[in-house]
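Asks: What follows is the residue order along each chain.
4 protein chains.
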Amino acid sequence: MIDKMKKIAVLTSGGDAPGMNAAIRSVVRTCAYYKIDCVGVYRGYDGLLDADFVALDARSVRGVINKGGTFLKSARCKRFMTPEGRKIAYDNLTKAGIDGIVLIGGDGTFTGGLVFNSEYGFPVMGIPGTIDNDINGTDRTLGYDTALNTAVEAIDKIRDTAHSHDRLFFVEVMGRDVGHIAINAGIGAGAEEILVPEEDMGIDRLVESLERSKKSGKTSSIVVVAEGDKIGKSVFELKDYVDENLEEYDVRVSVLGHMQRGGSPTCYDRVLASRMGVKAVESLMEGKSNYMVGTIHDKMSLTPLEEAIKGKTKLNKELIRVSDIMTT
Amino acid sequence: MIDKMKKIAVLTSGGDAPGMNAAIRSVVRTCAYYKIDCVGVYRGYDGLLDADFVALDARSVRGVINKGGTFLKSARCKRFMTPEGRKIAYDNLTKAGIDGIVLIGGDGTFTGGLVFNSEYGFPVMGIPGTIDNDINGTDRTLGYDTALNTAVEAIDKIRDTAHSHDRLFFVEVMGRDVGHIAINAGIGAGAEEILVPEEDMGIDRLVESLERSKKSGKTSSIVVVAEGDKIGKSVFELKDYVDENLEEYDVRVSVLGHMQRGGSPTCYDRVLASRMGVKAVESLMEGKSNYMVGTIHDKMSLTPLEEAIKGKTKLNKELIRVSDIMTT
Amino acid sequence: MIDKMKKIAVLTSGGDAPGMNAAIRSVVRTCAYYKIDCVGVYRGYDGLLDADFVALDARSVRGVINKGGTFLKSARCKRFMTPEGRKIAYDNLTKAGIDGIVLIGGDGTFTGGLVFNSEYGFPVMGIPGTIDNDINGTDRTLGYDTALNTAVEAIDKIRDTAHSHDRLFFVEVMGRDVGHIAINAGIGAGAEEILVPEEDMGIDRLVESLERSKKSGKTSSIVVVAEGDKIGKSVFELKDYVDENLEEYDVRVSVLGHMQRGGSPTCYDRVLASRMGVKAVESLMEGKSNYMVGTIHDKMSLTPLEEAIKGKTKLNKELIRVSDIMTT
Amino acid sequence: MIDKMKKIAVLTSGGDAPGMNAAIRSVVRTCAYYKIDCVGVYRGYDGLLDADFVALDARSVRGVINKGGTFLKSARCKRFMTPEGRKIAYDNLTKAGIDGIVLIGGDGTFTGGLVFNSEYGFPVMGIPGTIDNDINGTDRTLGYDTALNTAVEAIDKIRDTAHSHDRLFFVEVMGRDVGHIAINAGIGAGAEEILVPEEDMGIDRLVESLERSKKSGKTSSIVVVAEGDKIGKSVFELKDYVDENLEEYDVRVSVLGHMQRGGSPTCYDRVLASRMGVKAVESLMEGKSNYMVGTIHDKMSLTPLEEAIKGKTKLNKELIRVSDIMTT
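Protein chains in written order, with the numbering used here: chain A, 1 to 328; chain B, 1 to 328; chain C, 1 to 328; chain D, 1 to 328.
One or more of the hints may lead you astray.
The list makes no distinction among identical chains, and a pair is therefore deemed to hold if it is satisfied within one copy or across any two copies.
Stated by the list, open to error - List of simulated lysine to aspartate or glutamate pairs, EDC-like, C-alpha gap at most 16 Å:
#	residue 1	residue 2
1	K299	D250
2	K310	D298
3	K95	D240
4	K288	E306
5	K239	D91
6	K299	D139
7	K95	D52
8	K95	D324
9	K230	D52
10	K218	D57
11	K218	E198
12	K215	E247
13	K299	E318
14	K317	D298
15	K35	D324
16	K239	E227
17	K4	E244
Hints listed in this document are in silico derivations from the structure and should not be mistaken for laboratory results.
Let the hints inform the model, and build the full structure from the sequences given.
Replies: Dropping the structure here:
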C-alpha cells in the first residue's frame with residue numbers, strides 16, 4: 001500500500017438508507033486502524049461547500065451501527081452541480097488537508113463525484129447506499145435488505161386485516177424505476193399480484209386475474225405495486241378502477257412511504273456496510289480512485305463509477321415466474 | 001353459578017383489532033374448562049344470519065394467541081339492522097341450541113347486541129375490541145396497546161429519514177373521533193406537534209409553532225395527526241398549507257393506515273384478551289346479560305352495554321400538557 | 001409553585017430498565033420548560049461522589065426517547081452506603097449549586113435517597129425504573145411493559161421450535177422475588193405452566209400436570225419459570241427432574257437473561273417516562289421531597305418513598321386463575 | 001419436461017429453521033401449478049415409516065409463509081437408519097402412489113435420502129434448511145438469514161444493559177462446527193471479540209485484547225462466542241477465567257439458545273424458500289434425483305447431494321479481517 005492518504009473524508013448524499021451509519025462507522029474505524037485522520041462532512045455535498053466538517057475517531061461512531069438514517073445527514077445539493085460550487089468544495093478539501101473522500105449514496109452522488117474528480121483529480125471512492133438496489137456492480141446496495149424486511153413486516157400486518165375483512169389491498173412500495181423491492185417484498189408477503197415498472201401486466205389482465213382469484217375461493221388479496229409500475233396508475237387510481245370493474249371486492253389502499261427508508265439495519269446491511277467501509281478506505285490507500293465498492297458473488301469488488309451509474313440492475317425474471325407460480 | 005349455559009357462541013364484528021384471536025381463544029378455552037360447548041360464528045352478524053357456525057374446542061384455538069386479525073373474520077352487516085334479519089339470527093341461534101353469545105367488537109357491535117337482546121331476551125356479553133380505545137367502561141380496549149406500538153415503531157423509522165434530511169413530516173394515525181392513538185403515539189415517538197380531534201390548535205398556531213421550532217435550531221419535525229383532527233384538514237392539505245406558508249421546510253406526508261389494525265398483539269393485549277374471555281363466559285354462566293366486560297383500575301368489571309356505547313372515553317388532558325412540555 | 005429550584009440533578013441507579021433514557025429526557029425537558037438548569041449525574045450515586053456531572057439541555061436529550069439502557073449509566077455504589085460517602089455527595093451537590101435531585105431506580109436507590117435526605121434534608125424525588133414491577137405506589141414500574149414484550153417475543157420464537165419438535169421447554173424469565181413478568185409473559189405466550197415465587201406448585205404437581213397434558217394430546221409445552229420460583233429449582237434442575245420422571249418428553253432449557261433489560265421501550269413505557277419526569281420536576285418545584293412519582297389508576301400520584309420501598313406489589317391472583325383456565 | 005410425476009411428497013427433517021413453512025408452501029403451490037398431487041409427511045422420516053401423510057393443496061398452505069417452525073413437524077428418526085426401516089418407508093411411499101420426494105433439512109437428512117435412493121432408486125430432491133449455513137452448494141441455507149437477525153436483535157438489547165453498567169458479556173450463539181452465525185452476528189452487533197470454531201484465538205490473547213480495550217477507554221464489551229469455539233471453553237468457563245484474570249470487568253453471560261431457531265422468516269428466507277420449492281419440484285419433473293437445490297451467485301443451482309454433505313462451507317476470512325478492523 002502506498003501511504004499517501006493522511007486524511008480521508010466521508011459523506012452521505014441522496015436519499016438516506018439504513019446502514020449508512022454503519023458504513024460511516026466502518027470508514028472511520030478503518031481510518032483509525034491505519035492511523036489515518038478521518039473527517040465527516042455534514043449534509044452531503046452541501047457540507048463540502050460550507051466546509052461543515054467534523055473530526056471523527058473510533059469513539060465518535062460508537063453505538064451508531066444499529067441506528068437508521070445517517071448522523072452526517074444527507075441532502076441534494078444544486079450548488080455542487082456548478083463549476084463554481086465544485087471549486088469551493090475543492091478549496092475546502094485542500095484547506096482541510098483532505099487527501100481522498102468516500103461518497104456514500106446513489107447514482108446522483110456518484111455522478112457528482114466523477115465530475116469532481118475529472119476536474120480536480122481528487123480521489124473519490126463510492127459506496128452504494130440506497131434502498132432501491134438499482135446500482136450496477138454490487139450484489140445488493142446498502143439498505144435494500146432492510147427496506148425489504150420493513151415492507152414485508154408492514155404487509156404482514158395489512159394482510160391480517162385484509163384477511164379478517166375479506167378485502168383487496170393495493171400496497172404501494174418504493175421503486176420508481178425498478179421493481180426489486182416490489183417483487184421481493186411481494187413474494188415474501190405472499191402477495192396475489194405484483195406490479196413492477198419492468199413489466200406491463202395491463203390493467204385488464206389484473207382485473208381478470210383478481211376475478212379468477214375470487215372465483216377460486218380467495219376472499220382477500222394483496223396487490224403490491226411499485227411506485228413506478230408500468231400500468232402507470234397510482235394505487236388510488238387502481239382502487240378506483242377496480243371499484244368500478246370488480247364489484248365483489250372491498251378495496252383499500254396503503255402507501256408504505258418513507259418508513260421504508262428508516263429503521264435499524266438488518267444484520268446483512270450492517271455486515272455489508274462494515275465490509276464496504278474497509279474496502280473503500282483500503283482502495284483509496286492503494287491509490288485507486290473513481291471506483292464503487294461492492295460485492296459481486298459475495299466477494300468484495302471495485303466497479304468503475306462510470307459503469308456503476310450507467311444502468312439499473314435488471315429484475316431477475318426468475319422471480320416473476322416464482323411469483324406467478326406461488327399465486328396459483 | 002347457575003348452570004343454564006350449555007352452549008355459547010362467539011363472534012367478532014366491526015373493525016378488526018389485534019388480540020381478537022386471543023379473546024376468541026379465551027372464550028373457547030373457558031367454555032372447555034367449564035365443559036360448555038362453544039361455537040364460532042364467521043363474519044360477525046352476517047354469520048348469524050347465514051348460520052355460518054363452527055364448533056370450537058380447546059385444540060382449535062391452538063397457536064392463535066399471537067396472530068393478528070380474527071380467524072372468525074369480521075364484517076359490518078346491514079341485514080342485522082332490520083327486524084327481519086334479527087329474526088333469522090334468533091332462529092339460527094335457537095336451532096343450534098346456543099344459550100348465549102359473546103360479541104367482540106366496538107360500539108356498533110354492542111348496539112346491535114342490545115337491540116337483539118331487547119327483542120328476544122337472548123343473553124349477550126360484550127368484549128371491547130377496537131384499536132381506538134373509545135369505549136366507556138374499560139381502562140383500555142383490546143388492540144389499542146398493540147396499535148400504539150405499531151404506530152410508534154413506524155414513526156421511529158420515519159424519524160430516521162426526517163432527521164437525515166432535515167424534513168417535516170405529517171404522519172396520520174388512526175382515530176376519527178378520538179385522539180388516544182395520536183396523543184400517546186405522538187408523545188412516545190417524540191413528535192413536535194400532535195393534532196387531535198378534541199382540541200382545535202388552529203392552523204396558524206401550528207405554523208407559528210413550527211416556525212419557532214425551526215428558529216430554535218430544530219431541523220426536522222414530526223407532526224402526528226389523528227384522522228379526525230379538529231383543524232379539519234387532511235395531512236395532504238396540511239402539507240400544502242405549510243408548503244405555502246413555511247418556506248424553510250421540506251415537507252412530506254405519511255399515512256400509516258391499515259397496518260395499525262394488524263400485527264401480533266402485545267403482551268398487554270394478549271393478557272387482557274385472556275382475562276376478558278374468562279370474565280365474559282363466567283358472566284353469562286352467572287345469568288348476566290347486556291354487559292361489556294372490561295378492566296377498571298386493572299380489575300375485571302362489567303359495564304352495562306347501554307353505558308358503554310354512550311360516549312367516548314375522554315382524552316387525558318394531562319397528556320396534552322406533557323406533550324407541550326416535552327416539545328419545548 | 002415556589003420558585004426555589006434553580007438547578008435539578010438526575011441520576012439512574014440500580015439495574016437498568018428500558019425507558020430510563022425517556023425519563024431522563026423528560027426531566028431535562030421539564031427543567032428547560034421551567035427554565036431550571038438540569039445536571040445529569042453519571043453512574044448513579046458513584047457519580048455523586050465523584051462529582052461526575054454533565055449539564056443537560058433540551059437538545060442533549062434529542063433522540064434518546066427510543067433508546068434502551070441509560071446514557072447516564074447506572075451502578076451500585078457501596079461508598080454511598082457510608083456516612084462519609086454521603087457527606088462527599090452532599091458537598092458535591094452543594095458546590096454545584098444543585099437544589100434537588102430526581103432518582104430513577106428501584107428500592108435500593110430509594111433507600112439511599114431516604115437516608116441521604118434524613119441526614120441533609122436534601123430534596124429527593126423518585127421515579128420507579130425497574131423491569132420487575134415490584135414497587136408499591138404505581139400501577140406499573142418503568143421498563144416493565146417493555147420487558148414483558150421482550151419476553152413474550154422470545155418465547156414466541158421458542159414455541160415455534162418446541163412445536164416443530166414436540167419438545168418441552170423450561171424458559172426462565174427475570175423475577176427473583178415477584179412473578180409479575182412470569183405470570184404475564186406466561187399467559188401472553190400461551191405457556192402450559194407458569195412457576196412463580198409466590199406460589200409453591202410443588203414439583204410433583206408439575207410433573208402430573210405435564211403428564212396429563214401429554215395424555216390429552218399436547219405434544220409440545222412451554223413452562224415459564226421465574227428466577228425465584230417457589231419450587232426452588234433452577235430451570236436446569238427442573239429439566240433433569242423431568243428427564244428422569246417423564247420419559248416421553250424431549251426437554252430443553254432456555255434462560256432469557258439480560259436481553260430482558262434492554263431494547264427500545266414500548267409506547268407505554270415512553271409515555272409513562274414522559275409523565276413521570278414532568279411530575280417529578282414539578283413536585284420538587286412545589287417544595288415536596290421524599291416521594292416516589294407513579295401512576296395510580298392511570299393518574300399521576302405521589303407515594304412517600306418509605307411506603308414505596310416497604311413491600312412488593314402483590315401478584316394478581318386473578319391472573320393465576322386465568323392462567324389455569326387457559327391451559328385446560 | 002417428462003411427465004412422470006403424478007404425486008410428490010415433502011417432509012422436513014433435522015433441526016427446524018425459519019422458512020421451512022415457506023418452502024413447504026412453495027412445493028405445494030408448484031405442484032398445484034403443474035397439477036401434481038402433493039402429500040405432506042409429518043415428523044420427517046418418522047412419518048414415512050408410519051405413513052403419516054396429509055394431502056396438501058394450494059389452500060392448505062395459506063398463511064404459513066410468515067410462520068416460524070414447520071407445520072409438518074420435524075424429528076430425527078433412528079428407524080430410518082436401518083434397512084428394515086427404509087423398506088417400510090419405501091412400501092408406504094409406493095402404496096400411496098408417490099413418485100418423488102422433497103427433503104427439507106440438513107446433511108443428516110440428505111445422507112438418509114441418498115442411502116434410500118441408492119437402495120430403491122426413489123427420486124429425492126433436497127432443500128437445505130438449517131440456520132447454520134453449513135451446507136456446500138448454496139450461497140445461503142434456508143433460515144440462516146433469519147437466525148442472524150434474531151441474534152443481532154438480541155445482542156442489541158444486551159448491549160443496552162452492558163453499556164449502562166460497564167459490563168463485559170459473553171454471548172453464546174449457535175454454531176457447533178461453523179462460525180457463520182458468530183462472525184456475522186458479531187460484526188453486525190458491533191462485538192469487541194468474536195470466537196469461532198475455525199480459529200483458535202487462544203484465551204490469553206482474548207484476555208490481553210480485553211485488557212487493551214479497557215485501557216483504551218472502552219467500558220463495556222460484547223464477546224460473541226460460537227457454541228463450538230476453538231478455545232474449547234463454554235461461555236460459563238470463559239466468564240470464570242476472565243473473572244479471575246481481569247479484575248476490572250464485571251462479567252456476565254447470555255446463551256441465546258433455541259430462540260435462534262424460531263421466529264417469522266426474513267424476506268430473504270421467504271423468497272429463497274419460494275424459489276427453492278419451485279426448483280425442487282421442477283427438477284423432479286425433469287427426471288432428476290439426488291440433487292440439492294440451492295442458489296449459487298444468486299442463480300438457482302443443483303448440487304449432487306453427495307457433494308452437498310461432503311464438507312462445511314468455509315468461513316469467509318475477509319470477515320475475520322473486517323471484524324478485527326471494526327474493533328480497533
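Asks: Against each hint, give a clear statement of whether it holds in the structure.
Replies: Verification of the supplied hints:
1. Proximity of K299 and D250 under a CA criterion of 16 Å is satisfied in neither setting, with 48 Å inside one chain copy and 39 Å between copies.
2. With identical chains, the CA atoms of K310 and D298 are never at most 16 Å apart, being 22 Å at best within one copy and 22 Å at best between copies.
3. Taking identical chains as interchangeable, the C-alpha atoms of K95 and D240 are never at most 16 Å apart, the minima being 58 Å within one chain and 42 Å between chains.
4. Taking CA atoms no more than 16 Å apart as the test, K288 paired with E306 passes inside one copy only; the shortest distance there is 14 Å, against 43 Å between copies.
5. In the homo-oligomer, the alpha carbons of K239 and D91 never lie at most 16 Å apart, since the shortest distance is 53 Å inside one protomer and 39 Å across protomers.
6. In this assembly of identical chains, K299 and D139 lie within 16 Å of each other by CA distance both inside one copy and across copies; the values are 9 Å within and 12 Å between.
7. In this assembly of identical chains, the alpha carbons of K95 and D52 lie at most 16 Å apart only when taken from the same copy (13 Å versus 38 Å across copies).
8. Taking CA atoms no more than 16 Å apart as the test, K95 paired with D324 passes in neither setting, with 58 Å inside one copy and 33 Å between copies.
9. Proximity of K230 to D52 under the C-alpha cut-off of 16 Å is found in neither arrangement, the shortest distances being 42 Å within a copy and 42 Å between copies.
10. When the C-alpha separation of K218 and D57 is checked against a cutoff of 16 Å, the pair qualifies only between copies, where the shortest distance is 13 Å, while the shortest distance within a copy is 57 Å.
11. In this homomeric assembly, K218 and E198 never come within 16 Å of each other (Cα to Cα): the closest approach is 27 Å inside a single copy and 41 Å across copies.
12. In this assembly of identical chains, K215 and E247 lie within 16 Å of each other by CA distance solely inside one copy; the values are 13 Å within and 50 Å between copies.
13. In this assembly of identical chains, the alpha carbons of K299 and E318 lie at most 16 Å apart only when taken from different copies (9 Å versus 23 Å within one copy).
14. Proximity of K317 to D298 under the C-alpha cut-off of 16 Å is restricted to the inter-copy arrangement: shortest distance 12 Å between copies versus 21 Å within a copy.
15. Within a single copy, K35 and D324 get their C-alpha atoms only as close as 53 Å, which misses the 16 Å cut-off; across copies the closest is 15 Å, which meets it.
16. Taking identical chains as interchangeable, the C-alpha atoms of K239 and E227 lie at most 16 Å apart only when both belong to the same chain, with a minimum of 14 Å there against 20 Å between chains.
17. For the identical chains of this complex, K4 and E244 are neighbours neither inside a copy (67 Å) nor across copies (45 Å), given an alpha-carbon limit of 16 Å.
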